[in-house]
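**Student:** Using the sequences plus the hints, can you model the full thing?
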Amino acid sequence: MRVAIAEDSVLLREGLAGLLEEAGLDVVARCEDADDLLLKVRSFSPDVAIVDIRMPPTHNDEGLRAALEIRAQHPSVGVLVLSQYVEVGLALKLLAESAEGVGYLLKDRISDVKEFVAAVRRVADGGSALDPIIVSTLLARQRPDDPVSQLTPREREVLELMAAGSSNQGIADSLVITLRAVEKYVSSIFGKLGLPSTGSESRRVLAVLLYLRS
Amino acid sequence: MPLIAGLFGLEGEPGRSIVRLTGGKKGVRTTVRAAAPLFTEPVDAQASPSPIAVGAIAVAGCAAAALSFDLSLGNEFGRAPYVHATLVAWITVSYVLCGLIAWRRRPESRFGPLMVLTGFAPTVARLEEASAGPVQAIGDGLSLLPPVMLLHLFLAYPSGRLERRFDRFIVVSGYAVVFGIGLARLLLEGAGLDGGSNGVVNAQRAAIVVLAFGALGALISRRRSSARRFRTSRELLVACFALALVGLGVGIAMTAVDAPGTYVARWVAFGLVGTAPVLLLFGHLRAGLARSAVGDLFIELRSDPEPSELKDALARALRDPSLALVYWLPEYGTYADLNGQAVALPGPGEGRAVTLIDRNGNHVAALLHDPSVEDEPKLLEAVTAAAGIAIENGRLHADLRARLEELRGSRARIVAAAQKERQRLERNLHDGAQQRLVALSLELSIIESKVEGNPGATAQLDQARREIAATLDELREIAKGIYPAVVTGHGLEVALEQLAARAAVPVRLTVQVGGRLPEPIEVAGYYVVSESLANVAKYAEASTATIEVSKMNGLLAVEVTDDGIGGADTERGTGLRGLADRVEALGGRLRVWSPNGGGTRVRAEIPCA
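Residue numbers (the numbering used here), protein chains in the order written: chain A, 1 to 214; chain B, 1001 to 1609.
Derived by calculation from the structure, the hints in this document are not laboratory data. Watch out, some of these pointers could steer you wrong.
[As the list claims (entries may be wrong)] Here are the in silico distance ranges between beta carbons for each label pair:
#1 Thr-58(A) - Arg-1436(B): 19 to 27 angstroms
#2 Arg-1516(B) - Ala-23(A): 38 to 46 angstroms
#3 Gly-1432(B) - Pro-153(A): 53 to 61 angstroms
#4 Ser-1550(B) - Pro-153(A): 39 to 47 angstroms
#5 Glu-157(A) - Arg-1516(B): 38 to 46 angstroms
#6 Thr-58(A) - Gly-1554(B): 24 to 32 angstroms
#7 Arg-1411(B) - Ala-23(A): 53 to 61 angstroms
#8 Arg-1591(B) - Gln-169(A): 53 to 61 angstroms
#9 Arg-1436(B) - Leu-175(A): 29 to 37 angstroms
#10 Thr-58(A) - Ser-1550(B): 25 to 33 angstroms
#11 Ala-23(A) - Gly-1432(B): 25 to 33 angstroms
#12 Ala-1464(B) - Gln-150(A): 34 to 42 angstroms
#13 Ala-1464(B) - Ser-149(A): 51 to 59 angstroms
From the three backbone atoms N, C-alpha and C, an ideal C-beta is built for every residue, glycine too.
**Tutor:** And the structure:
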């Protein structure tokens, strides 16, 4: 699995590359700004690009724009955006088209190496990884006669994992339940929220996100 | 010679004049030269002629007309002598009477007396038809005096003075030709020589023709250099002068070569010359109408109009749509418009005239107007006197606005400086402490993977990582409180999503801005929403809230409404007050509606053209 990294802090860039290589991934490009990343994505066509959202020269939205451009120009390359803050607005912007091959995580998540490497692999394979903070922020919203409040605690846990991009197998592993049980919970959740059940696991991320946001 | 020069107004004045009007009890008008550093020119007021003098001059004028009519009947232009005689008599009567009217109305102008004198000139010239010797000789010698005086009169309109060097040159040359060559002819004839020979007379005529066309050029160039579009009666008069000069030039030239039809050319020229007084009277009639405009102005001002309406009222009264009123702000040492914006007075050569207005010894304002308004100084004086108090009010208004503007500027600078400092702090935190902590956490997890066989160490490292995560959470909140970097990075619309998502009550968010706005405006809009939502959480006891952000007519409107208990105290805490400071520093406005039991609505409007 080939990875490109764009991060302006040397400390983090090298740390990130180290842990990925340790986990058996092939880091093909280490870039310190967005232009360098776009160039190297074109030349090396990695499976996934890990992008810091704030990069030189202005430290505003260079990283995000690079991520959106890679999504548009190279749909086969997964994009995992890292940031010191996670914002619902940015998640919506990143996932505007689809959640396939997109991730958006808080930078701290890299220190949970196992989870992080799993997220990188998932995005590289066309899945999604959405920071749990986004999902919990959206779930924390109160609303009148909210169907979310009719969910059982277990269903809520499944919903959170589902919205964060976990596959059914991933959910089953996290909650230590059977795959069949997960499937039952998922269809029950979709029923209660009135959402049409969608095939792909990425598509249901977007559906749940938009549902929670509305 | 100075005496004659004074009488004929031959001493000049520079191009632009500033007139100072002193309002209040005594309306003293002072003509001030723009070139002079101090306003110290003497008062230029001349007495109006007494009624007896006017009557006597009028009678003399009629007598002169009758005499020249009688003399003209016997002239050498055989065809239709009555036409010629009538035209000459008409010119005499009309110039004398019209000159008297102008003199009475505007004694400070020398145009009236000059016109009266010009009226008598044809009679003097007609004396050449007299039979008596010396009288006939004088008339003969001065036969070209009338055209030269007309030329003088035309160039001296409207002040009676010759204001330009070229004008003075033409007029002085004209008199030199008439008197100098006339005297030479008299001397020649006294010596028994033929002073009246065609050669000398034609040289004299040729010189006058050249001067007449020179004067025509002067009139045309003067007309082109000023923008006097709004005064048609005056335009007509100057056009009439110009045509009359052409008529005189052609007529004299044809007389010199004795061309066929010379008499027709003379009739046309005399007719044009005789038309000028009619147009002048027409102009005075219009000025009379203007005086009634002063009455209208009085009535208009009695209803205490807004300062913004004053300028239009003055423009109507003075019939100058281009008029501008600027107020003197002594503390700033500048003139300013009604909004307190500094305005520079027009310089010389910009085709604008300036009238300074004083009240009770203090300079208050200046009128910037078309130079032609100065043709009616009485009107100008009456209008400014009538508007005295209103102008003073306007000045106070302008002064207040200037101060507000100054305050707003310093407020904006303070807010901007604080903003910049906060932005710098947030950036340092982001690139420094936050990055290092993330790297440290990563380091710990790598160590953790190396001590997998040691459960105690693993647990400790795990605990340390959780501490770091909690610290990062806190730092994130602090950094966001210092400066909302997401607004600068990704815009108001993106940033508001998070605020709406994290609000204490369900929020309906509508953003219709269409792209990014200048950073200070986006940040202010963000703070309006975050502060309002914080208030909703703390005080409103609301069940829902709406956020509406829209851009219309160059104005960003941010409105946060809740359905809570209302009764918000706008002075409570520093929240809303600080918000108002931030919005007003950008020239915007923050309003809060919060009736008891009726919810709270906070609306900010910020210009974002």
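**Student:** Hint says 53 to 61 angstroms; check whether the CB-CB distance for Arg-1411(B) and Ala-23(A) agrees.
**Tutor:** For Arg-1411(B) and Ala-23(A) the Cβ distance comes to about 55 angstroms; the hint holds.
**Student:** Do the beta carbons of Thr-58(A) and Ser-1550(B) sit within 25 to 33 angstroms of each other?
**Tutor:** holds, 28 angstroms
**Student:** Can you let me know if the beta-carbon spacing of Ser-1550(B) and Pro-153(A) is within 39 to 47 angstroms?
**Tutor:** The hint (39 to 47 angstroms, Cβ to Cβ) holds, given that Ser-1550(B) and Pro-153(A) are roughly 41 angstroms apart.
**Student:** So the hint says 24 to 32 angstroms: do the beta-carbon atoms of Thr-58(A) and Gly-1554(B) match that?
**Tutor:** 26 angstroms Cβ-Cβ, so the 24 to 32 angstroms window holds.
**Student:** Does 38 to 46 angstroms hold as the CB distance between Glu-157(A) and Arg-1516(B), or does it fail?
**Tutor:** holds, 39 angstroms
**Student:** Hint says 29 to 37 angstroms; check whether the CB-CB distance for Arg-1436(B) and Leu-175(A) agrees.
**Tutor:** holds, 35 angstroms
**Student:** Could one say that the CB atoms of Ala-23(A) and Gly-1432(B) fall in the range 25 to 33 angstroms?
**Tutor:** Since the Cβ atoms of Ala-23(A) and Gly-1432(B) sit about 28 angstroms apart, the hinted range of 25 to 33 angstroms holds.
**Student:** Evaluate the given range 34 to 42 angstroms for the C-beta pair formed by Ala-1464(B) and Gln-150(A).
**Tutor:** At roughly 40 angstroms between Cβ atoms, Gln-150(A) and Ala-1464(B) fall inside 34 to 42 angstroms, so the hint holds.
**Student:** Tell me if the beta carbons of Arg-1516(B) and Ala-23(A) are separated by a distance inside 38 to 46 angstroms.
**Tutor:** This hint holds: roughly 39 angstroms between Cβ atoms.
**Student:** Does the Cβ distance between Gly-1432(B) and Pro-153(A) fall inside 53 to 61 angstroms?
**Tutor:** With Cβ atoms ~40 angstroms apart, the hint is violated.
**Student:** So does Thr-58(A) sit 19 to 27 angstroms from Arg-1436(B), Cβ to Cβ?
**Tutor:** holds, 22 angstroms
**Student:** Between Ala-1464(B) and Ser-149(A), does the beta-carbon spacing fit 51 to 59 angstroms?
**Tutor:** The hinted range 51 to 59 angstroms is violated for Ala-1464(B) and Ser-149(A), with Cβ atoms some 37 angstroms apart.
Of the numbered hints stated above, those contradicted by the structure are hints 3, 13, listed in ascending order.
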